[in-house]
Amino acid sequence: MNMLLSPAADMLLIPIAAAALLAAIPFYRLSAWINVLASLATFVAALALLVWPTVPTGHLIQVDDLNIVFLLLNALIGFTASLFGKSYLAHELETGRLLPAHLRFYHAVYQILMCMMNLALLTSVAGLMWVAIEIATLATVLMVGIYRTHEALEAAWKYFILGSVGIALALFGTILVYLAAQASVGAGLAAMSWSTLTSHAAHFDPAMLNIAFVFLLLGYGTKAGLVPLHAWLPDAHAEGPTPVSAILSGLLLNLAIYAILRFKIVLTASHATIAAGPMMMTLGLVSVLVAALMLYRRRDIKRFFAYSSIEHIGIIAFAFGLGGPLANFAGLLHMTMHSLTKSGIFFTVGHIVSIKHTQKIAHIGGLTISHPRLGWLFVACIAAIAGLPPFGVFTSEFLVVSSAFMQNPLLAAVLVIGLLISLGALFLRLNDIAFGEPKGSLTPNKMSYFPELVHLALVLAAGIFIPSQLASWFQHAAKLLG
Amino acid sequence: MIPLVPDIAHFLAGLLVLLSFVQLYQSRLPPLISIFAAQSLALATFVAWQAQIQHAPHLVITAGITLIFKVMIIPLALHGLIRSLKIHRTVETVVGIGPAMMTGMALVGLSMALMMRTSAAVDVVVREDIAFALSVVLLGLLMMVTRRNAVSQAIGFMSLENGLVLAGTGAKGMPLVVEISVAFSVLIAFIVVGIFIFRIRERFDTVDIAVLDRFRGERP
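Chains A and B supply the protein sequences, listed in that same order. Position in the first sequence (first residue = 1) + 1 = this note's numbering. Position in the second sequence (first residue = 1) + 140 = this note's numbering.
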């Protein structure tokens, strides 16, 4: 009974119960509603976590300043994506791209995915986090391949193989961390908890810990889509259903970053090891530059924004690699802003694609004339992701760049060049899509703009004013990162 | 400790590395599957031996899963699979056996050099097992990049995973080993079922750039 009252446990129990229920219900209209309600309930539990962060006794679950940021973001976007998915999937059902049986499968897997992402964030044990991320990966593979077209299967298979290799390397890294820790922490579940690992890190074998971090960075870096480990990401984004693209960009990439950060904390606590920061900064900068250049050659609208996600994950990895209170704060803020903006963009792109029946940018045009509301919403989304004021992405990118200038002006210059290159690509495509002669189908949009409006409103609000409570909360989390 | 005890563990771990090498130069699928089964059998024996010397009865579960799942069910399913896909007679063009073997040897040397340099704080016996495990992992990766057939890529992944189980069980007292091996078995089952349902023969059936461009959505 005590366990049911804890919001942390509820964040796991609600989705898993909903998944079992959804797998049993064949009526897709009802199951779409249950999916939304369960996601809302999970979001309420996440909010309750803010005022009541108690956890059930034991070593398996913990709530601290760092993971609560990720948990709230996860629950919020999980809820809005389920809301968007409800109308989007109903439309896919009408056009015959999906069957009711597919929807039943989709909803059950969606809740399993939510449960596993929450578990990966909540758990205090490194091994359990790995298991949760592995199952979350499997769930997304199933969702990416749901259209059963040749391209979708190819994308799912590629994602599956590359993701599996990534998590296999991450597991090897986890085992090596245990070996480095073994002499000072002993055996058993508690030995691998984050608090034990961090407090004993000074006594770990430094050489082993170094090798372990390289494996962890490559393994979880593959899941985060850092260049050159990003090959799966654009395909999976483009060929899966749009709500899944939003979840992939908004949440799953963050989860991989979270895993890297947890191990970075351990590495920082042990003074004898190599610095984790420069490796993350290098991967981050390479991601920003490569993705920014790649943006110019994309002809598919979802693939275009997938590359934009790689760019922003690069910025986030760079900020966390830089370290220090300001850069960590900026990294956390940018991660939050990017998740909200990018999933909002994918919702908007979902509307556009379902009107035009194509993902080719060349066949989409003049949206502001043919569909004024959708068109201007899209313009606002692009302005937000490009980092223009007054949106929150501007604030966070400004903080990242200025903290980089303080620590290393040369690297900051490279980052700014990458940002400017991507800005050019964004405006070029904005011009093609939003302005000019309307192209393609002109049927009006019947879906609600509510989910992306919520996201944009939050990003706008954060750009104008960050409440001091929120700022101090982020500062606490940044301090934890060292 | 009697010297024979770690020797048996090292013998079995070395056997896994050896069988990884044998997989590397197999160009036909049926023997490749059989060698994978033999490697899994060596792994099951290793895990059972570890359960004995570490006094860790839960490792018997991992050994049992390996024996039933990877020595029996998966190889049988794969044999049936390649028959139904009619690829059991095809000879795969391996990326030059010579270069592959040389790279493999370099990788084993690398993992030995890497692991032996770590300080003596780690148990010596464990350290050598981990060096073998890293070799198996890297050889599995090498196999995945040198093959184009989906089935042999899957076998490469599974032998990589054998290396991970070797590392996880060799590390004395590692928590959650059983849970992790169950999670991995689910992953492998997915791979095999995936190949079967979607009839994936090769990752890209053609080297025609135009087709790849269409798939990547680069064509306007």
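Worth double-checking, as some hints may not be accurate.
Coverage of chain A stretches by chain B, computed from C-beta distances (three or more under 8 Å per stretch; other residues unrestricted) [unchecked claim]: (1) 36 to 48; (2) 129 to 139; (3) 189 to 202; (4) 318 to 331.
I should point out that these hints are in silico values taken from the structure, not numbers from a laboratory. Using N, Cα and C, we set each Cβ at its ideal position, and we do this for glycine too.
We went through each hint and held it up to the structure:
{"no.": "1", "hint": "36 to 48", "result": "violated (count 0)"}
{"no.": "2", "hint": "129 to 139", "result": "holds (count 6)"}
{"no.": "3", "hint": "189 to 202", "result": "holds (count 4)"}
{"no.": "4", "hint": "318 to 331", "result": "violated (count 0)"}
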